[in-house]
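For the record, the sequence lines run as chains F and S. For what it's worth, this note's numbering labels the leading residue of the first sequence as 1, then goes sequentially. For what it's worth, this note's numbering labels the leading residue of the second sequence as 244, then goes sequentially.
Simulated from the structure, these hints should not be mistaken for laboratory data. A couple of the hints might just be wrong.
[To be verified] Distance ranges between label pairs, derived from CB positions:
| id | chain 1 | residue 1 | chain 2 | residue 2 | range |
| --- | --- | --- | --- | --- | --- |
| 1 | F | Leu93 | S | Arg323 | 44 to 50 angstroms |
| 2 | S | Phe268 | F | Tyr136 | 46 to 52 angstroms |
| 3 | S | Phe268 | F | Thr229 | 21 to 27 angstroms |
[Stated by the list, open to error] Covered by chain F, per the in silico footprint, the following chain S stretches (three or more residues, Cβ under 8 angstroms):
| id | region |
| --- | --- |
| 4 | 251 to 262 |
| 5 | 321 to 329 |
Note that the coordinates shown come from a computational prediction; the quantities given were computed from them, not determined experimentally. Glycine residues also receive a C-beta, built at the ideal position from the N, C-alpha and C atoms.
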Amino acid sequence: MPQIALQGVRGGVGTTSLCAGLGWALAALGERVLLIDGSPVSQLGMHFNLPAQQENGWMKALCEGEAWQHSALRYPEGPDLLPHGVLSHQHALTITGQNAAIAAPLLQALPDLQARYQWIIFDLPADSLPWHETLYPKLDGILCVTQPDANCHLRLSQRRFPAGTRFIINQFNANSRLQQDLHQLWMASLTQLIPLLIHRDEALAEALMMKQPVGEYRPHALVSEEIITLANWLLLNLKGVRS
Amino acid sequence: MQRGWKYFSTSFFCALAVILSLTLFYFWRTVMKNQNFYTSEAAEGDRQDDISALRDAFSLLSFRYVDIAREERLKEIVSRWPLLAETVLSQPEQPL
Numbered sequence: 001m002p003q004i005a006l007q008g009v010r011g012g013v014g015t016t017s018l019c020a021g022l023g024w025a026l027a028a029l030g031e032r033v034l035l036i037d038g039s040p041v042s043q044l045g046m047h048f049n050l051p052a053q054q055e056n057g058w059m060k061a062l063c064e065g066e067a068w069q070h071s072a073l074r075y076p077e078g079p080d081l082l083p084h085g086v087l088s089h090q091h092a093l094t095i096t097g098q099n100a101a102i103a104a105p106l107l108q109a110l111p112d113l114q115a116r117y118q119w120i121i122f123d124l125p126a127d128s129l130p131w132h133e134t135l136y137p138k139l140d141g142i143l144c145v146t147q148p149d150a151n152c153h154l155r156l157s158q159r160r161f162p163a164g165t166r167f168i169i170n171q172f173n174a175n176s177r178l179q180q181d182l183h184q185l186w187m188a189s190l191t192q193l194i195p196l197l198i199h200r201d202e203a204l205a206e207a208l209m210m211k212q213p214v215g216e217y218r219p220h221a222l223v224s225e226e227i228i229t230l231a232n233w234l235l236l237n238l239k240g241v242r243s
Numbered sequence: 244m245q246r247g248w249k250y251f252s253t254s255f256f257c258a259l260a261v262i263l264s265l266t267l268f269y270f271w272r273t274v275m276k277n278q279n280f281y282t283s284e285a286a287e288g289d290r291q292d293d294i295s296a297l298r299d300a301f302s303l304l305s306f307r308y309v310d311i312a313r314e315e316r317l318k319e320i321v322s323r324w325p326l327l328a329e330t331v332l333s334q335p336e337q338p339l
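This is chain S alone, in the form it adopts within the complex (with noise of 0.2 angstroms):
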């Protein structure tokens, strides 16, 4: 009796503990969630990247930063589709 008893209690605890890990994991994905879904406003109106976030965060106005990996992609971009060769020169300024 003693010993069932034992057995008994044993597994509630593991099964409890099972299912407080589970509700726990479930919350901190949500709050994952949340976080990853609040960054994407960081910075309205400018390009919202890294190092636009760090500029911000650490106010480097006059922090000059020149991706040269993504000017490289650009580039390569523009030149594989004639189209795009001629309107990005032609873009007109988007109004604010």
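Okay, chain F solo, but in the shape it has when bound (with noise of 0.2 angstroms):
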């Protein structure tokens, strides 16, 4: 059963609200989810309704040694979700310290939690933590979310990606030169690009501020479908890699 991470090139290109449109989408297509949230910002939670000043997470649980498990909350006809937590500044130091081993933990229960769900996925920050690279190897991909323009596409020239990386086009503007050149550019330059576009929709930017993953606020957005499809494409290409 595919375990997954969400990784954006950079910050800002709508990782968050695509792993919570992506999470939704498979549970509506019958799979069952588990979604992660890996990001200190702790935001994919508010995607699913949590209260704003909600601040328990399997994180926080762990920094203060606590059971993780406590933190895990289920949505009505959607995916399980693990909040981050907000962290104190004190524990915040100690994950972008040299401590890989605080998530341990939980990556050792991966095992367990694959028996219970058809998808488990990370929704990573874009600036890799230590405890990241315990992670990497145990996932069967890492979906990386990019945006044509010109920043990303210097990260995506001077940065080495870790093995298993594909790439995903979110918040395409077609009315943007620029954007149809990149998009042409890296369709031609840039193996393991996923075939499929998502483009720049309101509604996307909508959802978060509704506190609803967007194929639930409105199922009929162009990014709803575009999303579907993704979850389709990832079912045929990545269910049963591992098997």
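Assemble the dimeric complex from its two separately framed chains, guided by the hints.
Structure follows, in structure tokens:
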């Protein structure tokens, strides 16, 4: 059963919104999905109607020596969710420091979780944290979320990506000459670019304000249909990778 | 009475035909939609265009094909934006 991560090539490309939408879409297609928020900003839960002031989460629990399982939540007709939790300044320093073992209890439980869920999806921040290094080898694939602009293009050409990374274009604006050009260039030069586009759509921007995944908030918006297509693409291309 | 019945049955069959054709059209559209969808995953990990699909379908592994129009288009794109001219040359190989 696939275990994947969504990670933006930089912040602000819509990774968390896409992650919430994808989790919802896979659940709508009948899959059992667990979303794990790996970002210290801890915003994934807001897409599933968690209170904005909610501070609990799996990472916060681990930092405080408590059981991470207690932070798990179930969204009706949607995916299950592990929010990250808002960390104190001291704990934030712990996870950005060399303490890669901080996430170990959750990572060790992944084989058990795999027996319960068909999809485990991590939402990771663009800047890698030490505990990600122990996570990467356990993943069946990383979806690197990009947007066709100069900033992302530079990062794509400068950085090396872990093996098994696939790229997905988000927030595509068909009216932009620059975006059209970059899309064509990437199609020709970027191996492992998923041959789908997620267009820039106001519905995706509004979804977080409405505290819902976009597929639930606007099921017939272009972006919702495109995320369903992405979910189907993943089902066809990633399901059963490990078996 | 007979005449009324005739009109009724004609209009009934007309309505039935319209409903049937609408249903058929709906199914056809759904099937077409799915076909479009499934073709997008044709060649995983490879460039996904018609030529690649043909090459795979007929096992033309040694078939050399250069899409000149595409090459020209890419050249134009790279020359249009100065930043691209610098980065395309230095682009590292993406791992598979």
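Could you work out which of the previously given hints the structure breaks and list their numbers from low to high?
Hint 4 contradicted; others consistent.
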